[in-house]
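Residue strings, one per chain:
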Amino acid sequence: MLQYEFMRQAFIASTFIAITAGLVGVFVVSRNMSFLSHTLSEIGFAGASFGVLVGISPLAGMILFTIVSSIAVGGLSNESSRREASISAMSSLFIGLGILFLSLSSKSSSYATNILFGSIVGISSKEVQQLLALAIFVIIIFIIFYKPLAFDSFDHIGASASGLKTRLLSVIFLVTLALSVSIGAQIVGSLLVFVLLTLPGATAKYLAHSVPKMILVSVGLALSGVWLGLYLAFITNWPVTFFIATYEVIAYFIGLGYKNYKLNH
Amino acid sequence: MIQAQHLSKSFGNQLVFTDLNFQISDGEFVSLIGPNGSGKTTLIKIMMGLEKPTSGNLQMSHHTIGYVPQFRNIDNDYPLSIEQFIRLNNKFTLNPAKRKEQNQKIQTILKKTGLTNLKNRPLGLASGGEKQKAYLAQALLNDPKILILDESTASLDVEVKMQLMDLVAELNQKEHLTVIFITHDYDLTKKYTKRALLFENKSLKQVNVSDVSKNMFKMEG
Numbered sequence: 001m002l003q004y005e006f007m008r009q010a011f012i013a014s015t016f017i018a019i020t021a022g023l024v025g026v027f028v029v030s031r032n033m034s035f036l037s038h039t040l041s042e043i044g045f046a047g048a049s050f051g052v053l054v055g056i057s058p059l060a061g062m063i064l065f066t067i068v069s070s071i072a073v074g075g076l077s078n079e080s081s082r083r084e085a086s087i088s089a090m091s092s093l094f095i096g097l098g099i100l101f102l103s104l105s106s107k108s109s110s111y112a113t114n115i116l117f118g119s120i121v122g123i124s125s126k127e128v129q130q131l132l133a134l135a136i137f138v139i140i141i142f143i144i145f146y147k148p149l150a151f152d153s154f155d156h157i158g159a160s161a162s163g164l165k166t167r168l169l170s171v172i173f174l175v176t177l178a179l180s181v182s183i184g185a186q187i188v189g190s191l192l193v194f195v196l197l198t199l200p201g202a203t204a205k206y207l208a209h210s211v212p213k214m215i216l217v218s219v220g221l222a223l224s225g226v227w228l229g230l231y232l233a234f235i236t237n238w239p240v241t242f243f244i245a246t247y248e249v250i251a252y253f254i255g256l257g258y259k260n261y262k263l264n265h
Numbered sequence: 001m002i003q004a005q006h007l008s009k010s011f012g013n014q015l016v017f018t019d020l021n022f023q024i025s026d027g028e029f030v031s032l033i034g035p036n037g038s039g040k041t042t043l044i045k046i047m048m049g050l051e052k053p054t055s056g057n058l059q060m061s062h063h064t065i066g067y068v069p070q071f072r073n074i075d076n077d078y079p080l081s082i083e084q085f086i087r088l089n090n091k092f093t094l095n096p097a098k099r100k101e102q103n104q105k106i107q108t109i110l111k112k113t114g115l116t117n118l119k120n121r122p123l124g125l126a127s128g129g130e131k132q133k134a135y136l137a138q139a140l141l142n143d144p145k146i147l148i149l150d151e152s153t154a155s156l157d158v159e160v161k162m163q164l165m166d167l168v169a170e171l172n173q174k175e176h177l178t179v180i181f182i183t184h185d186y187d188l189t190k191k192y193t194k195r196a197l198l199f200e201n202k203s204l205k206q207v208n209v210s211d212v213s214k215n216m217f218k219m220e221g
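Taken in sequence, the protein lines are chains A and B.
Going letter by letter, the first sequence gives residues 1 to 265 in full-length UniProt numbering.
Going letter by letter, the second sequence gives residues 1 to 221 in full-length UniProt numbering.
For reference, chain A alone in the conformation it holds in the complex:
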């Protein structure tokens, strides 16, 4: 299968997407931001269709929309109940906008399908390079801020008490989350990118008891998911997103079952 250029590109891109999403996902879950990452992917859809409308690349449109809105949502309110409500309001608005932008631009509906559900055939080598650069940027940011980010994500109150600049850390995290959403959406689509950003991290929470081990498990699950998904999509011609989502959901429930089993034995 790797003799095909498009499959090689898809494999390279997915590998980096999985590493980034698996890494960021551990922090998404520990910061209770699963819902926000879902909304960001919808905002990403609006951004991509905006990109198509004004003639910039969908990826650039996505990055623009997700970064601006993630900072806006982050600064909106620290009260979680209000934040949830604000996020769902924004989510509805952006889905509407995405549909509007697509209908204003004269692109075909298959283009919308690609943005929403992802595609493994449409990815060019130039796009792969852009994805790699962005993924490496996100990984470097995480290496630099690993310690304070881990402290703030796993013990916000302790991190504030020890004098860490938690507000700044929150903005840094949201920007990397926005970038991860934009990167991940290129293969799995904006509708299901949050699968990679939340499920491997959530499963890791049940299987590991330290931050580095959680990252290992989460990246491992994300990687095995996209590789298996690509392979099965290639041989069946079914959508790659279906296989990835199914695999990650099964892994999640196995993790949950394992945790419950250990609790009772």
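Quick caveat, the hints were computed from the structure, so don't treat them as lab data.
Check the hints yourself; a few may be wrong.
[Claimed, not checked] Here are the simulated DSS-like pairs of lysine-lysine, each with C-alpha atoms no more than 25 Å apart in a straight line:
#1 B:Lys-191 with B:Lys-145
#2 A:Lys-259 with B:Lys-119
#3 A:Lys-213 with B:Lys-119
#4 B:Lys-119 with B:Lys-98
#5 B:Lys-45 with B:Lys-194
#6 A:Lys-262 with B:Lys-98
#7 A:Lys-165 with B:Lys-52
#8 B:Lys-52 with A:Lys-213
#9 B:Lys-105 with A:Lys-147
#10 B:Lys-98 with A:Lys-213
#11 B:Lys-100 with A:Lys-147
#12 B:Lys-202 with A:Lys-213
On the provided structure of chain A, position chain B as indicated by the hints.
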């Protein structure tokens, strides 16, 4: 030593307290008492450098503070083990010698707080008392000279409260740690502290523990 002179704080037009004058010596174990909303937490925030006084000044000979709050966002699903939770407060280093030093320090603190046998237990599954000990252990990782317990005993059983306070008293005596104990608990104040700082009518009174009475612990102002 901590010394406040004419310390006042307001938020906009809202006066929290005015003209506080007090002194806490190194190695002292004092309680900070008063109704909810009387300014205890604001004073602590000023000590920790998270708020600035409106006027007056606060001098502190040491600035490393260990702060142990009552509540943390730790639910049953919280994944980190007790040892890994304490480790969050470690500074990042790639230097193997420093890492070894950090490891030894963590083992010492685990032993000191009686958590060695529980270090691999997920914190989410630990009891209330074990959790508070873990919070205390994490705060001790910074080598604080001042330890602030912010109602840390409030949700614990009597026996567990005593265990935690015995541990803090031991640290206070052996390591000369200054302890500021924010509390609504009359018995613990009487048993463990020698002096209380009482917030009353937007001001602060220094009271000997023998003069501390139950009506000073009314929860509402």
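Going down the list of hints, with the structure as the test:
{"no.": "1", "hint": "B:Lys-191 with B:Lys-145", "verdict": "holds (22 Å)"}
{"no.": "2", "hint": "A:Lys-259 with B:Lys-119", "verdict": "holds (18 Å)"}
{"no.": "3", "hint": "A:Lys-213 with B:Lys-119", "verdict": "holds (16 Å)"}
{"no.": "4", "hint": "B:Lys-119 with B:Lys-98", "verdict": "holds (21 Å)"}
{"no.": "5", "hint": "B:Lys-45 with B:Lys-194", "verdict": "holds (23 Å)"}
{"no.": "6", "hint": "A:Lys-262 with B:Lys-98", "verdict": "violated (35 Å)"}
{"no.": "7", "hint": "A:Lys-165 with B:Lys-52", "verdict": "holds (16 Å)"}
{"no.": "8", "hint": "B:Lys-52 with A:Lys-213", "verdict": "violated (40 Å)"}
{"no.": "9", "hint": "B:Lys-105 with A:Lys-147", "verdict": "holds (18 Å)"}
{"no.": "10", "hint": "B:Lys-98 with A:Lys-213", "verdict": "holds (21 Å)"}
{"no.": "11", "hint": "B:Lys-100 with A:Lys-147", "verdict": "holds (17 Å)"}
{"no.": "12", "hint": "B:Lys-202 with A:Lys-213", "verdict": "violated (50 Å)"}
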